[in-house]
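Student: Here are the chains, one letter per residue:
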Amino acid sequence: MDTIVKIETNAMAVVKKRGTWKAILRHKVLYFLMLPGIIYLLINNYIPMFGIIIAFKNYNYSQGIFGSKWYGFENFKYLFATQDAYIMTRNTLLYNLVFIVVNLVLAVGMAIIINEVRSNLARRFYQSAVLLPYFLSAVIVAYLVYSLLNPDAGFVNRYLLKAFGVGDIQWYLEPKYWPYIFVITNAWKNVGFGSIIYISAMAGIDTEFYEAATIDGARKWQQVKYITIPMLVPTMVIMTILAIGRIFYSDFGLFYQLPMNSGTLTPVANVIDTYVYNSLKTMGDIGMSSAAGFYQSVVGFLLVLSTNLAVRKISPENALF
Amino acid sequence: MENKRTHWVIHVIFIFCSLAAIIPLLLVLIVSLTSENSIALYGYTFFPHEWTLSAYDYVFKDPQLLFQSYGNTIFSTVFGTLVCLCITSALAYPLSRKTLPFRKFFTFFVVFTILFNGGLVPWYIVMKSNLHFSDNIWALVVPGLLLNGFNVLIMRTFFKNTIPAELIEAANMDGAGEFRIFAQIVIPLSKPVFATIGLFATLGYWNDYWNSMIFQIQPKNFSIQYVLQNILLNLQFLSQSRSSNAAAATANIPQETSRMAMAIIAIGPIIFAYPFFQKFIIKGLTIGAVKG
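Protein sequences appear in the order of chains L and B.
All residue numbers for the first sequence refer to this note's numbering, where the first residue is 6 and numbers rise by one.
All residue numbers for the second sequence refer to this note's numbering, where the first residue is 358 and numbers rise by one.
Some hints could be false.
What the hints assert, rightly or not - Here are the simulated lysine-lysine pairs, DSS-like style, with alpha carbons at most 27 Å apart:
1) L:K286 / B:K485
2) L:K181 / L:K167
3) L:K230 / B:K361
4) L:K318 / B:K455
5) L:K33 / B:K548
6) L:K27 / B:K461
7) B:K517 / L:K318
8) B:K517 / L:K27
9) L:K225 / B:K361
10) B:K485 / L:K74
11) L:K27 / B:K455
12) B:K461 / L:K33
13) L:K33 / B:K455
14) L:K286 / B:K577
15) L:K318 / B:K461
To be verified - Computed list of chain L residues with no C-beta within reach of chain B, every gap over 10 Å:
16) N63
17) F81
18) A86
19) D89
20) E213
21) G268
No lab work stands behind these hints, which were simulated from the structure alone.
As the structure is a computational prediction, the values presented were derived from the model and not from experiment.
Glycine included, C-beta positions come from ideal geometry on N, C-alpha and C.
Let the sequences and hints guide you as you build the complete structure.
Tutor: Below, the structure is given as structure tokens:
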């Protein structure tokens, strides 16, 4: 009896195997289509992933990543012995936290009030205007900030501060203003884009809620408070969790381009991404740079994984896997 | 009564926001049209004492740097976007087909590139030392920008939700091969997602300074954005790059204004194309719900 079952399952396995093989052959054109993309991901993503072991090596150009000698945790010891490791981690986390909160509040606020604009033409114009900064490169944004903050000719020193009777400020030499400058610039660039998601979420709210509320005599701001905002909460939660998953990564352009290489601003502008870049390209210190990169990749990976699990619990259709 | 007042307040808020978004750009534009003298006397202002086109004259008199970097950016943008659309859709379409064996494995292969990356250093070494993407135009096109997992997932979800499986089956019964189905049925039905991904790819290439900064040594291979970055950090970069008698000219170079003119020339195409493409972006975001 047992052997018969065994033979049967074996036969089924063979048939199944042949079936799979046949199915693969039937889809050969599709596999062929996938080939260029797969090869690109292998080269651009997967080989560098294995190259991450460089952080544990004493890198030598002539021997390459895999040929260089092992170095244990020496690179990490050097990295975490410096003040830099603490400063860049603190900066990266704090800036991102503030960006998440500020951008969430402003994007939701903007979405709610743009929905109240009756005229189609005006609404389209406002939306286009606030979305525009999102499409400018970080270099251009650095030009715009410079045209405002240039200490000699800049608009702020020449006109704005004068109007308030305040003396000139050497913007590019004063670290204390830059946390605000980064937060404002980041919001200026991203809030318009962020609000689109909430605008489309609001389009999905059943109008009957508002009709019923109006009949009950609810005022506009009461409707916003008791209908719109609660209906937006799921979207807000998802967007926030996804942003927390990316909290170890920063907008490189913002922190690299805006300070225009001013050394005095480093303590407030140094984030992990700029540190990795500077130690690789400016200092040529492969060990430090790869150790910092490893630190970012691994912690970042754990964060993305755990936030994705959280998203999957709340709303599976927004999870990555 | 209350309603009317709130509406006015809302309009005022949005006029303020719109101005805040546009005014810095306007300032750069006006500075590029101001005479160097006015700037020395009055700084950057919205109402210059003396308007002039001399900054643009200067930039276009010896346009080698401008044309070269502009050419590099245009080439990488056009070529890169086309290849990006081809390989992204060609990878996404099979993943949208439920009958494909090992579909889950390949999808995870794509998803994992979003979750984890090796960091800058190994990527840089692989691209530069092993594949020789350095100091040539291909270094602006290939590393990093050609394909990303997010776009593949967005396209896959779009194909899955908009192309009915029955349609593909019917075409198959009529004897159409897989490639023909993809090229003649799927692609024409998927214009919106191609437009959205194409626009994001175009912007990614147009605004890219990173690949120049990290791979290029000679200015002849710089993208326009990286040239702009250099001019911003070093006023002399513009005059140094000129072939004509630089020493004689330095005395009356409109330095401050000509770099603003360069910035305006670089933003120009985006501003002109903006009214056309921002529609697609807004629409595209709503189809962009990943996962499925």
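Student: For a C-alpha distance cap of 27 Å, please report whether K286 of chain L and K485 of chain B respect it.
Tutor: Since the Cα atoms of K286 of chain L and K485 of chain B sit roughly 13 Å apart, the hinted pair holds (cutoff 27 Å).
Student: With a cut-off of 27 Å on the C-alpha distance, tell me whether K461 of chain B and K33 of chain L pass.
Tutor: At roughly 17 Å apart (the allowed maximum being 27 Å), K33 of chain L and K461 of chain B satisfy the hint.
Student: Any Cβ of chain B at or closer than 10 Å to N63 of chain L, or is the non-interface label fine?
Tutor: Consistent with the label, N63 of chain L stays out of reach of chain B, its closest Cβ about 13 Å off (over 10 Å).
Student: Regarding the pair K225 of chain L and K361 of chain B, is the alpha-carbon distance no greater than 27 Å?
Tutor: Holds. K225 of chain L to K361 of chain B sits at ~12 Å (cutoff 27 Å).
Student: Between K286 of chain L and K577 of chain B, does the CA-CA distance stay at or below 27 Å?
Tutor: holds, 20 Å
Student: Does D89 of chain L sit more than 10 Å from chain B, CB to CB?
Tutor: holds, 16 Å
Student: Tell me if the straight-line CA distance from K230 of chain L to K361 of chain B falls inside 27 Å.
Tutor: Answer holds: K230 of chain L to K361 of chain B is near 20 Å, not above 27 Å.
Student: Hey, K485 of chain B versus K74 of chain L, does the alpha-carbon distance stay inside 27 Å?
Tutor: holds, 20 Å
Student: For the pair supplied as a hint, K33 of chain L and K548 of chain B, is the alpha-carbon distance within the 27 Å limit?
Tutor: holds, 25 Å
Student: Sort out whether K455 of chain B lies within 27 Å of K33 of chain L, counting only the CA atoms.
Tutor: Cα-Cα ~15 Å, so holds.
Student: Sort out whether K318 of chain L lies within 27 Å of K517 of chain B, counting only the CA atoms.
Tutor: At roughly 23 Å apart (the allowed maximum being 27 Å), K318 of chain L and K517 of chain B satisfy the hint.
Student: Between the alpha carbons of K517 of chain B and K27 of chain L, is the straight-line distance 27 Å or under?
Tutor: Judged against 27 Å, a Cα distance of about 24 Å means the pair holds.
Hint violations for this structure: none, all hints satisfied.
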